[in-house]
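Enquirer: Put together the whole structure using the sequences plus the hints.
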Amino acid sequence: MLAYTLRRLLDLVLVLFGVSVLVFLMIRLIPGDAVQIMLGANTEITPDRLEALREKLGLNKPLVVQYWDWLTGVLRGDLGQSVWTGAPIRDEILARLPLTLEITLLSLILGVFLSVPIGILSAYWRNSTGEYLVRLVAIAGVTVPSFWLGTLFIYLSFKLWPGFPTIGYVPLAEDPAGHFARLLFPVLALSLPLLAGLSRLLRSTLLDILSQDYIRTARAKGLSERIVMYKHALRNALIPLVTVVGIQAGYLFGGAIVVEQVFALPGMGRLIVGAINERNYPLVQGTILLVTAGFVFINLLVDLAYAYLDPRVEYA
Amino acid sequence: MSGTWSFTRGLLRNPLGALGLGLTLLIVLGGLLAPLIAPYDPLRQDILARLAGPSAQHWLGTDQFGRDVLSRILHGIRASLFVAGLSVILALLVGGFLGVSAAYYGGLYDRLVMRVMDVFLAFPIILLAIGIIAMLGPNQANTALAIGIVYTPIFARLVRGPALVLRESEYVQAAQALGASTARVIARHLLPNLASVILVQSTLSLSTAILVEASLSFLGLGTQPPTPSLGLMLSEGRAYLTISPWTSVFSGLAILLASLGFNLLGDVLRDTLDPRLKGR
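Chains A and B, in that order, are what the protein sequence lines are.
Here full-length UniProt numbering is used: position 23 in the first sequence is 23, and no number is missing along the way.
Here full-length UniProt numbering is used: position 122 in the second sequence is 122, and no number is missing along the way.
Among these hints, one or two may not hold up.
25 Å max Cα-Cα, derived SDA-like pairs, lysine to any residue [unchecked claim]: (1) A:K159 with B:L241; (2) A:K159 with B:T242; (3) A:K159 with B:P54; (4) A:K159 with A:A264; (5) A:K159 with B:I243; (6) A:K56 with A:L14; (7) A:K159 with B:A49; (8) A:K159 with A:E131; (9) A:K159 with A:A173; (10) A:K159 with B:Q64; (11) A:K159 with B:L136; (12) A:K61 with A:L71; (13) A:K61 with A:T46; (14) A:K159 with B:E236; (15) A:K56 with A:D69; (16) A:K159 with B:R50; (17) A:K159 with B:L256; (18) A:K61 with B:L136; (19) A:K61 with A:W84; (20) A:K56 with B:G137; (21) A:K159 with B:L51.
Now the stretches of chain A that chain B is said to cover, found in silico as 3 or more residues with beta-carbon under 8 Å [what the hints assert, rightly or not]: (22) 43–49; (23) 126–137; (24) 247–253.
The set of hints was computed from the structure by calculation and includes no laboratory data.
Backbone N, C-alpha and C fix where the C-beta goes; we use that ideal spot for every residue, glycine too.
Expert: This is how it looks when you write it as structure tokens:
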């Protein structure tokens, strides 16, 4: 396990290095003069201003030196400054990140917890109608656009319960009830596709496991169906769910960026779309780097958890 | 030909396969024939008939400029299929080439290629696409390029595994022993055997590419107005949601049906082509 952990850590360092190079090259690979584009989106272009911005971003140094300066800055927690406001990018991201993480996490929890009973119930429904219907609903659930679902929720709540707060944001400390009321629909819209995918996965894993010899043995020795399902089948069926959850966290975060726009929530979505519109490339860079690094770590943790939970995983 | 026919029959025997194929045909035909079958010019404004509900003149109503929603949706599907199709073809060509060549040549080249693919896979899909569009600027071609780049590693990984097994197989070695060129071995012996995994993945990728394109357009980072685009229509319609929800409701429904059709088709194809993977 130790050797496996170390090897995965080495993988992680290599992947993060690659991610950092790609993100670093972003501004440098922009067709045309990135500095001119950034400046042109916001003020009049003058040679002095061009030179000043180039100097500020360090774009007049050799590429390797630029990368080194940037990387050592990032490792010290310095993601640079926002081009227009001059505010540290780290602070801008940290101000927006908690809300997006909250939405992502709540959706993840809701999706995972609901998928267990739905997966179990649907595993008992094994005739051909059930088979087709479960599959159709699961696939429809996975393909339904969350931002459409969110829009429908807003419309329906307007029709059915006009006073219910659907749009905007209230800090938790100010009004906890209003805070969670406004997150209800975004979280529902975001967790439904996850719920559909996880339920289907759990169902098919359960069906595989229920046809195994050790389940037959358990039933043959007279254990109740309850114990067979919960103690023998479900425990093993939850393991593959763990790996998928790591990958799904990335999708959910991406989905949250879009869904935030539907509900006018001031999270990472608004930050990055705003940054693109004003050509604030360093902010786009910082956001992508930080979020991707976060997910690389989460997936490492998921892999390690998987190896720990399932002794059959080879460490080779 | 008889092979194709029995294959189609197998697909249709599954109700979900029939549904998926039907939806896919409907969407593809609707998109391709949009200029011919759309009842109105998707850009023509009729200020007097703004924000109208479904009627005999406008089956799906009109938007805030009095443009016909059905016509805009048909053209939007066309744009969406164009972007999704182009991106999957790009990912398939580049990813397929990288995966097969990595498996064929092996060694340092293989490790290098697959490492780079790992790096691309580390990014959350939407975020990488957003980053690429931020660099290149938002328009249809760049959206297709961005989604294509994001999907490339998926295809590279997909074909590398089976290609590795095939490379060691006796008939490939026999072909090499007979002096077949690398290109010939890859084109005649490797690719045909990879066709089914590629077909399934392409179909499923089209389904998700439609969703990614719609998400990007919804954020204003995809197709630009006034060109009809499903994501953009849904986004613009939200301002008038309480007066006239039709634009948002129907454009979202079109995204769902397009994505659902390809996904059902891919899902059933996977069962039909590989009976070992009986999907549930």
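Enquirer: Compare the structure with each hint and give your call.
Expert: Now for the hints, and whether the structure bears them out:
In summary, the hint linking A:K159 to B:L241 is supported, as the alpha carbons are separated by about 11 Å, within the 25 Å threshold. Of the supplied pair hints, the one linking A:K159 and B:T242 holds, its CA atoms being roughly 8 Å apart against a limit of 25 Å. Under the criterion of a C-alpha separation no larger than 25 Å, the hint pairing A:K159 with B:P54 is consistent with the structure, at around 19 Å. For the given pair, A:K159 sits about 19 Å from A:A264 by alpha-carbon distance, which is consistent with the 25 Å threshold.
With a CA separation close to 11 Å, the supplied pair A:K159 and B:I243 stays within the 25 Å bound. This hinted pair does not check out: A:K56 and A:L14 have alpha carbons roughly 29 Å apart, beyond 25 Å. Distance restraint check for A:K159 and B:A49: the Cα-Cα separation of roughly 24 Å lies within the 25 Å cut-off, and the hinted pair is therefore satisfied. With a CA separation close to 35 Å, the supplied pair A:K159 and A:E131 exceeds the 25 Å bound.
A hinted pair counts as satisfied when its Cα atoms are at most 25 Å apart, and A:K159 with A:A173 does not qualify at roughly 30 Å. About 20 Å separates the Cα atoms of A:K159 and B:Q64, which keeps this hinted pair within 25 Å; it holds. A C-alpha spacing of about 41 Å is found between A:K159 and B:L136, which places the hinted pair above 25 Å, so the restraint is violated. For the proposed pair A:K61 and A:L71, the alpha carbon gap of about 14 Å is at most 25 Å, so the pair holds.
In summary, the hint linking A:K61 to A:T46 is supported, as the alpha carbons are separated by about 21 Å, within the 25 Å threshold. As the CA atoms of A:K159 and B:E236 are separated by approximately 20 Å, the hinted pair is consistent with the 25 Å bound. For the suggested pair A:K56 and A:D69, the alpha carbons sit about 12 Å apart, so the restraint of at most 25 Å is met. Distance check on the hinted pair: A:K159 and B:R50 sit about 21 Å apart at the alpha-carbon level, within 25 Å; holds.
Our distance criterion of 25 Å between C-alpha atoms is met by A:K159 and B:L256, whose separation comes to about 23 Å. For the hint linking A:K61 to B:L136, the alpha-carbon distance of about 23 Å falls within 25 Å, and the restraint holds. Between A:K61 and A:W84 the alpha-carbon distance is near 22 Å, which keeps this suggested pair within the 25 Å criterion. The suggested pairing of A:K56 with B:G137 holds, with an alpha-carbon distance near 23 Å, which does not exceed 25 Å.
For the proposed pair A:K159 and B:L51, the alpha carbon gap of about 18 Å is at most 25 Å, so the pair holds. Counting residues of the region 43–49 of chain A whose CB lies closer than 8 Å to any CB of chain B gives 0, which falls below the minimum of 3, so the coverage claim is violated. With a cut-off of 8 Å between beta carbons, the region 126–137 of chain A has 5 residues touching chain B; three or more are needed, and the interface restraint holds. Counting residues of the region 247–253 of chain A whose C-beta lies closer than 8 Å to any C-beta of chain B gives 3; at least three are required, and the coverage claim holds.
The structure shown violates the earlier hints numbered 6, 8, 9, 11 and 22.
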